[in-house]
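Using the hints provided, position chain B relative to the given structure of chain A.
Heads up: the sequence lines are chains A and B, in that order. Residue numbers for the first sequence follow this note's numbering, beginning at 1 and rising by one. Residue numbers for the second sequence follow this note's numbering, beginning at 1 and rising by one.
Errors might be hidden in some of the hints.
Said to hold, decoys possible - Here are some, though not all, of the chain A residues that point toward chain B, as calculated from beta-carbon distances under 8 angstroms: (1) Val270; (2) Leu323; (3) Asp363.
Stated by the list, open to error - If we take Cβ atoms under 10 angstroms as the criterion, some of the chain B residues that face chain A in the derived model are: (4) Gly2; (5) His10; (6) Ile22.
Unchecked claim - Cross-link-like lysine-lysine pairs, in silico, DSS-like; alpha carbons within 30 angstroms at most: (7) A:Lys424 - A:Lys313; (8) A:Lys308 - B:Lys16; (9) A:Lys50 - B:Lys16; (10) B:Lys36 - A:Lys424; (11) B:Lys36 - A:Lys224; (12) B:Lys90 - A:Lys313; (13) A:Lys313 - B:Lys16; (14) A:Lys224 - B:Lys16.
Hints were generated in silico from the structure; no laboratory data involved. Idealized CB from N, CA, C, for every residue including glycine.
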Amino acid sequence: MTDHLTIGTGAGFAGDRIDPATALADQADLDYLVFECLAERTIANAQRRKMDDPSTGYTPLLSRRMEAVLPSCVENNTRIITNMGAANPEAARKRVIDIATELGISDLSVASVAGSAVRDRFDHFEEQTFSGESTTQYQENCVSANAYLGVQGILDALNDDADVIITGRVADPSLFLAPMVYEHGWDLTNPTDADQIGQGIACAHLLECAGQVTGGYFADPDYKDVPNLETLGFPIAEVTVDGDVTIMKLPNSGGKVTLRTCKEQILYEVHDPSAYLTPDAIADFSNVSFEQVGTDQVQVSGATADPKPETLKVNIGYEDGVLGEGQISYAGPNAEQRARLAGDTVRKRLVARDFPIDDLRVDIMGVDSLHEGRGRDQSSPYEVRLRVAGKCETSTNAAEIGREVQTLYTNGPAGGGGVTMRTKPVLGIVSTLIDRNHVHHDVCIEEVK
Amino acid sequence: MGIPVHELAHARAGDKGDTSNIGVFGYDDDSYQILKKELTAARVENELEEIIEGSVTRYDLPQLNGFNFVLEGALAGGVTTSVRVDTHGKSLSYALLDIVVDVEK
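This is chain A alone, in the form it adopts within the complex:
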């Protein structure tokens, strides 16, 4: 049992930078390096890839990330936990075995934790989605349905001495909480451990978005400056058996860990701070406070937790048509007015066409594309970009939206330039609940001899 457990974050989303993870693996002497790589829609996209090729369906950067950190992690006895398995943890496990073999690493045990896929259990989903619609209406166009698993599958793999653990959908905090529960022997069912569990989830929540607690997504020049943003480091947490948590970073990395960076992150994607739901416990952050205990070192205290909920959250991914989009720029005198005329013209031409478009939007980027009408009374910018977008049932029709923008070259207002157009299949996500008794994890371990 480690008294001071050290956990680092290797990624906060599927496309995150790789260098900070390499630095942590090389220099931080970590017990665990955790990569969080699944957003709400990632699994549905991965499931589509898996349908085309059953050997895929895990995160595209798996190989690059593993090649970057595996040698150092093996040398430093750092275990790796990640949800990079996405829609296919078993295939990801096999890929890691292959990478380890190619790198000449032996004696490595790799586990996959599957079981989050529950598309075959629609009958057991709650009747309504979180937004109050009937769940069954999404069954026909469903691409994937995944329950958020908790720590248990990861704990089983750790008990079987896995060095690398690759999961599908597991709640983000559970990836980080699992090693704390395992190393410190916390009991998720015992009320006497409620404070430790709460502190563990608070720590997990601060870590799960990687650079967002070390000064990433924070800088606002002259208001909130961040040193050396270009070499932003990822966070490290030290967690004691009593649930004392300190967030820090490598001294030679960019960014900073302060009360302000921690405050912004503790509420990130939280609704009621006294009831942050995870599959392992309901955390209460309402009394969390921070203390700066050193340069780039912040101590976290005051979190607690209530026992786990009886249901698990399920995300249903479904096909929702095709987005079509076209853009064109205008600059100089009367730019906004010419862009507006162009937008009106495209809208009228599209409406006159004989196919339905949902949610047709005309945005003047630089004026009203982000916050609707807010700030519209300010003076006109020197240059603007027109964007027209909408959703259609087929990609053929969706492509017509971009084409109508393209024809502005010779059929629209004066001086437009730089047309781009695209179509993109839309994968919608709705959430509901399932009784946790209908969800089972499946751990499989493979070794490189």
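Chain B alone, transformed into the frame defined by chain A:
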């Protein structure tokens, strides 16, 4: 005297489904007290009415000089299906920081 919330506080927005949350933190105790009085849930709902369809709830975290605003129906149907430019509503924190509040001299 009116000043933008940006002069008093920093903020970060996050998303879940069609709901956005914005954590807002006063730079000091005085700023927190001003915001506690001026930046009510009703004020935010009114200021951002063109962007959000649902209601706004404010949770107070005095030990952080902070508030968590939960904005329902803020993301035009949700991250995954919205045709907005900023599908996550990540920039909404700066719409909130653009609100002008009264400060007594």
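Taking the hints in turn, this is what the structure says about them:
Interface hint at Val270 (chain A): satisfied, since its Cβ lies 6 angstroms from the closest Cβ of chain B, which is below the 8 angstroms cut-off. Restraint check, Leu323 (chain A) versus chain B: the minimum CB separation of about 6 angstroms is within 8 angstroms; hint holds. The interface hint given for Asp363 (chain A) is met, as the beta carbon of that residue sits about 6 angstroms from the closest beta carbon of chain B, less than 8 angstroms. About 15 angstroms separates the beta-carbon of Gly2 (chain B) from the nearest beta-carbon of chain A, more than 10 angstroms, and the hint is not met.
Because the smallest distance between the Cβ of His10 (chain B) and any Cβ of chain A comes to about 6 angstroms, under 10 angstroms, the interface hint for this residue holds. For Ile22 (chain B), the shortest C-beta to C-beta distance to chain A is roughly 8 angstroms, which falls under 10 angstroms, so the interface hint holds. Between Lys424 (chain A) and Lys313 (chain A) the CA atoms are separated by roughly 27 angstroms; this keeps the pair inside 30 angstroms, and the hint holds. Taken as a hint, the Lys308 (chain A) and Lys16 (chain B) pair is honoured in the structure, with Cα atoms around 20 angstroms apart against an allowance of 30 angstroms.
Only pairs whose Cα atoms come within 30 angstroms are accepted, and Lys50 (chain A) paired with Lys16 (chain B) is accepted, the gap being roughly 26 angstroms. The hinted pair formed by Lys36 (chain B) and Lys424 (chain A) fails the criterion: a straight-line CA distance of about 43 angstroms is larger than 30 angstroms. Note on Lys36 (chain B) and Lys224 (chain A): the hinted pairing holds, with a Cα-Cα distance of about 22 angstroms set against a maximum of 30 angstroms. Of the supplied pair hints, the one linking Lys90 (chain B) and Lys313 (chain A) holds, its CA atoms being roughly 23 angstroms apart against a limit of 30 angstroms.
As the CA atoms of Lys313 (chain A) and Lys16 (chain B) are separated by approximately 12 angstroms, the hinted pair is consistent with the 30 angstroms bound. Using a Cα cut-off of 30 angstroms, the hinted pair Lys224 (chain A) and Lys16 (chain B) holds, with the two alpha carbons roughly 26 angstroms apart.
Comparing the model with each earlier hint shows violations of hints 4, 10; every other hint is respected.
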